[in-house]
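Colleague: The listed protein sequences correspond, in order, to chains A and B. Quick note: to get the numbering used here, add 3 to the position in the first sequence (first position is 1). Going by the numbering used here, 146 is the number at position 161 of the second sequence; the sequence numbering is gapless.
Simulated from the structure, these hints should not be mistaken for laboratory data. Quick reminder that beta carbons are idealized off the backbone N, C-alpha and C, glycines included. Where hints are given, some of them may not hold.
[Unchecked claim] Derived DSSO-like pairs: lysine-lysine, alpha-carbon spacing no greater than 27 Å straight-line:
no., chain 1, residue 1, chain 2, residue 2
1, A, K322, A, K449
2, A, K496, A, K385
3, A, K290, A, K496
4, B, K337, A, K46
5, B, K276, A, K311
6, A, K263, B, K287
7, A, K311, B, K337
8, B, K336, A, K16
9, A, K419, A, K444
10, A, K73, A, K32
11, B, K337, A, K14
12, A, K419, A, K374
13, B, K336, A, K46
14, A, K290, A, K367
15, A, K263, A, K46
16, A, K16, B, K337
17, B, K268, B, K318
18, B, K318, A, K311
19, A, K157, A, K73
20, B, K287, A, K46
21, B, K336, B, K276
22, A, K322, A, K419
23, A, K290, A, K311
24, A, K311, A, K46
25, B, K287, B, K144
26, A, K367, A, K385
27, A, K449, A, K120
28, A, K414, A, K331
29, A, K311, B, K287
30, A, K46, A, K32
31, B, K110, B, K144
32, A, K157, A, K496
33, B, K268, A, K46
34, B, K287, A, K14
35, B, K336, A, K311
36, B, K336, A, K14
[Unchecked claim] Pulled a few chain A residues facing chain B out of the computed Cβ check, cut under 8 Å:
no., residue
37, Y76
38, S231
39, G317
What follows is the residue order along each chain.
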Amino acid sequence: MAVKNKKLNLKDKYQYLTRDMAWEPTYQKKEDIYPDESFEGIKILDWSQWEDPFRLTMDAYWKYQAEKEKKLYAIFDAFAQNNGHQNITDARYVNALKLFLTGVSPLEHAAFQGYSKVGRQFSGAGARVACQMQAIDELRHSQTQQHAMSHYNKHFNGLHDAAYMHDRVWFLSVPKSFFDDARSAGPFEFLTAISFSFEYVLTNLLFVPFMSGAAYNNDMATVTFGFSAQSDEARHMTLGLEVIKFILEQHEDNVPIVQKWIDKWFWRGFRLLSLVSMMMDYMLPKKVMSWAEAWEVYYEQNGGALFKDLERYGIRPPKYEDVANEAKHHLSHQLWTTFYQYSHATNFHTWIPTEEEMDWMSEKYPDTFDKYYRPRYEFLAKEHAEGRRYYNNTLPQLCQVCQVPTLFTEKGDATKLSHRQIEHEGERYHFCSEACCDIFKDEPEKYVQAWLPVHQIYQGNCGGADVETVVQKYYHINIGEDNFEYVGSPDHKRWQFIKGMAPQQKGDDEAAEKPNAA
Amino acid sequence: MTHSVTIEPIGEQIEVEEDQTILQAALRQGVWLPFACGHGTCGTCKVQVVDGDVDVGDASPFALMDVERDEGKVLACCATVESDVTIEADIDVDPDFEGYPVEDYTATVTEITDLSPTIKGLRLKLDRPMTFQAGQYINLELPDVDGPRAFSLANPPSKADEVELHIRLVPGGAATGYIHEQLKPGDELNLSGPYGQFFVRSSQPGDLIFIAGGSGLSSPQSMILDLLEQNDERQITLFQGARNVPELYNREMFEELAREHDNFTYIPALNDADNDPDWKGFKGFVHEAAKEHYESRFAGNKAYLCGPPPMIDAAITALMQGRLFERDIFMEKFLTAADGAEDTQRSALFKKI
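Looking at chain B on its own, in the form it has when it is part of the complex:
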């Protein structure tokens, strides 16, 4: 049985299985909590239970004191939940997070277009407007598919009653397979949103770098459209990575925007275009394009990354070697069942990246 755990002060909700610890569930669902030993002896992951029933599990009496147990403290790495629970953790609230409430919506498919040979553009009309921050995502339910799937919103918040999604066909993927092969205009779908911590940190100074790969263009598209609508005066540079020209979608739209706005620069990069005599743009991976453009010096900027894990990883390395650090980098990893990269061992050096 699954219970939901609300993590204050950020207000994120996660689903925790009966035999799963709060920490395991949080990390798997992309919510970072402080932790170190992972087995109840150090006390780094101590959290306060505000509401609900929690089993403290195998916490060491030296890491979780009796007085703390009486106060309702638990170690997230050992604690399992027995009801819906609210905890308060030692994590920071992001001042730029608006915290718009998550609600359920009914949506009607209005248009399905081929953005590229592997990516479809899906437009839906909502039963009522959704307030969200550019960069956030929704959970979409599909017939005969177990559990909802997360897709980033590509439309700006100004188009609040519509949903635009960019959906790449994942080989063997039930949900994306359904969307690519069976879904048609007029179909009705249920979705909920908005979710996620990927949005522009407007309170932080610095010019903006967007690095997008594949269908990971969706969030940056929403964010850039929003920024330009708001007449944001910072320099905005979008690097869009794709394999080849057919996969490079929405290029005309961004070229047009770059012509209209002095503060917007658009740099597409193709990593499989060596044999394309017509391609005059950058040849190579998208992080290499960024390195070339900035001459490997990124300090003073804020970077927003969206795309598949290998792209994110390469981009972070390039940015950090160019003196941009965790506090300057924000990202949304597009994980699919085909990735399975989450189990590779990571050190505790970084919290979010």
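In isolation and in its complexed conformation, chain A is listed as follows:
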């Protein structure tokens, strides 16, 4: 029958088109060329077992990506020309973009650097090519995200210096330190951290909230970026799966090492995503789904199926998964109440949720919202109404590992702060959780070096001794424009003007804001 094809199948074709670029060294030792490949203790017996997770040649890659760009930028242009920012549901939505642009887009760039670096470390050509392509993808994502949101920078505050802020602003050290931790690890840990734990296990909890959030709130530019990136994400996810299978199948000694990394990077990712939880529940004027619902679908169900399959390799679900599952009822509320208090030091605004939004949260969080969190908002709203909008002027205690303020509560007791501390070589270190403390104990020499923003301010390394100087001079946050309460902010007033509800602001002379502008 017709199986004897004269044509090469795609796998063979791909082999011929890519593998000739690799060669066996003759006058240098392999260990000298790839010195990092063995230092984590991962044993690779046979790189030929690597199965290319996607078969795309470089010339096809450029062709596809070029067409994607063409489509994407046509839509960005149309969006800008039609003053697309005027069609979003509410200007509060733009605060989600501020978080994304300062917190996530620089991570895409960090991923680009990370994949470029580890792509050099593998002696297997398949893994090198996969990393190289992903590196280019990540660079493209970083750039297109910035272009997607640059239009908003013309009309709203807080978007003007994202990359600079990413390296300095206190809460942005959460995403920054996450990626720095991965990038300063060995090559296999980097792939387990980013390709597997992040791109495969947790990516839907980052991407779906932001991209569906954009769709629900009429942000055409960001939605289109989302579609354009998603067609790359699938490659990243399949790479994540291949990486984990390959490492686990190569040698049984790899299993406990990978398990430790999965435990660590699940938790690191979960802590990073706590920022997304508050974005979903609080920053989207039109809500997609609650954080708890997203966690159930994308982690408990999808992750459950994955870890059931991984059990066959002797891998169990991540340690402290139970803590993360229980936290879904509290996470977003604990984050938002914290950011509400510190919005004098953020590049985005915060606000008290509306009555309608609080009812939505009561419905989505029937066991926790009315009991623990609604009363706080009622109190804070009353304070605000009486002219005492609350800002916390004491700098928060940060966790030495995840760098989130120690704001979380114990599993099973939402009134008890979760805090751990240990002494290491005469110094005391503080943690938000048992899980972060475990990560520290495993590699203390790494985490004692953590650049903790609060410590840095107190040590005088952030341009000044008071919050105002640090915020203005060191963070490049424009005081009175980018920060503080949303209600009454320049963004808020500008939005009211766009919607014809208020006169134009003094000094706000952007022509495009005139409702009748073409």
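Based on the hints, put chain B in the right spot on chain A.
Modeller: Below, chain B without anything else, positioned relative to chain A:
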């Protein structure tokens, strides 16, 4: 209305309903295609339409480019078919797959025996010989039963003009009920075959482990008889699982083979024989017997599994924990209407197992 879709380069044929996507139909019929998002945004399931009319459906313009649409590419997860279609997918041809053509046959029932209290042995004589690979199955049509039913061939390919099937009575099953209760020698039935991707990968080195449960003994029986006829020199070990002694059928045949062939080992396992003082063999599930025999280390072997889904699942877990992986494991799941296990959520970690 249903159309048939031929998937190249493997040459498998699937039936696709009017409102069903190619991917849905393929996965349901046991043909793996690469996929990830399942809703037209990632492009992992891109295939080339070689012949026929296909509607691209709701594919994202970023996942399926205009130039690709012009070239006749579609995303299998969104595409529906409007005629019989041939597609080419990014899947590998198995070098051991002979690709014998599927043909229709008329068969006469020659013998129906009780292999066990729940399993009947059915022998049929074909109107002409069928060329097949040991391990493959046929589709059998039965009077007043809607649609054909798949049964694995238990006879070796050397007995090309006969068909031997092992058929367990499925409670409430129309087809197996008919076979167990109404079918009699002399009856004529239509069947087609051979089908399936379950056969011995002769090109792959390594000793052979067969794990069979219930009437899933049929394929391994055919494969083992064939291997022994061919004087294959690899070590062959068969683990046969059953509930109790009456359900353990063809035991004498395999014990006899084990005596005749140094390279064949037969290990039956009974999982419901605790109260049977006469049973001296292994007590427990068949995968536990395999673990004990190999001391939980399977590396270097190739495993062939055939039986009900829970047995397959337990066996895969045991094998993988003993360092045997997807590329080393081949299987045929015996799904019946009573199983319905296919809808449980699976990750994309494994392609075939």
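Colleague: Evaluate each hint against the coordinates.
Modeller: So, going through the hints one by one against the coordinates:
{"no.": "1", "hint": "A/K322 x A/K449", "result": "21 Å, holds"}
{"no.": "2", "hint": "A/K496 x A/K385", "result": "22 Å, holds"}
{"no.": "3", "hint": "A/K290 x A/K496", "result": "23 Å, holds"}
{"no.": "4", "hint": "B/K337 x A/K46", "result": "26 Å, holds"}
{"no.": "5", "hint": "B/K276 x A/K311", "result": "20 Å, holds"}
{"no.": "6", "hint": "A/K263 x B/K287", "result": "30 Å, violated"}
{"no.": "7", "hint": "A/K311 x B/K337", "result": "16 Å, holds"}
{"no.": "8", "hint": "B/K336 x A/K16", "result": "21 Å, holds"}
{"no.": "9", "hint": "A/K419 x A/K444", "result": "23 Å, holds"}
{"no.": "10", "hint": "A/K73 x A/K32", "result": "45 Å, violated"}
{"no.": "11", "hint": "B/K337 x A/K14", "result": "18 Å, holds"}
{"no.": "12", "hint": "A/K419 x A/K374", "result": "14 Å, holds"}
{"no.": "13", "hint": "B/K336 x A/K46", "result": "24 Å, holds"}
{"no.": "14", "hint": "A/K290 x A/K367", "result": "11 Å, holds"}
{"no.": "15", "hint": "A/K263 x A/K46", "result": "16 Å, holds"}
{"no.": "16", "hint": "A/K16 x B/K337", "result": "23 Å, holds"}
{"no.": "17", "hint": "B/K268 x B/K318", "result": "23 Å, holds"}
{"no.": "18", "hint": "B/K318 x A/K311", "result": "19 Å, holds"}
{"no.": "19", "hint": "A/K157 x A/K73", "result": "23 Å, holds"}
{"no.": "20", "hint": "B/K287 x A/K46", "result": "23 Å, holds"}
{"no.": "21", "hint": "B/K336 x B/K276", "result": "24 Å, holds"}
{"no.": "22", "hint": "A/K322 x A/K419", "result": "21 Å, holds"}
{"no.": "23", "hint": "A/K290 x A/K311", "result": "31 Å, violated"}
{"no.": "24", "hint": "A/K311 x A/K46", "result": "24 Å, holds"}
{"no.": "25", "hint": "B/K287 x B/K144", "result": "26 Å, holds"}
{"no.": "26", "hint": "A/K367 x A/K385", "result": "24 Å, holds"}
{"no.": "27", "hint": "A/K449 x A/K120", "result": "19 Å, holds"}
{"no.": "28", "hint": "A/K414 x A/K331", "result": "11 Å, holds"}
{"no.": "29", "hint": "A/K311 x B/K287", "result": "23 Å, holds"}
{"no.": "30", "hint": "A/K46 x A/K32", "result": "17 Å, holds"}
{"no.": "31", "hint": "B/K110 x B/K144", "result": "10 Å, holds"}
{"no.": "32", "hint": "A/K157 x A/K496", "result": "15 Å, holds"}
{"no.": "33", "hint": "B/K268 x A/K46", "result": "38 Å, violated"}
{"no.": "34", "hint": "B/K287 x A/K14", "result": "23 Å, holds"}
{"no.": "35", "hint": "B/K336 x A/K311", "result": "15 Å, holds"}
{"no.": "36", "hint": "B/K336 x A/K14", "result": "16 Å, holds"}
{"no.": "37", "hint": "Y76", "result": "12 Å, violated"}
{"no.": "38", "hint": "S231", "result": "5 Å, holds"}
{"no.": "39", "hint": "G317", "result": "6 Å, holds"}
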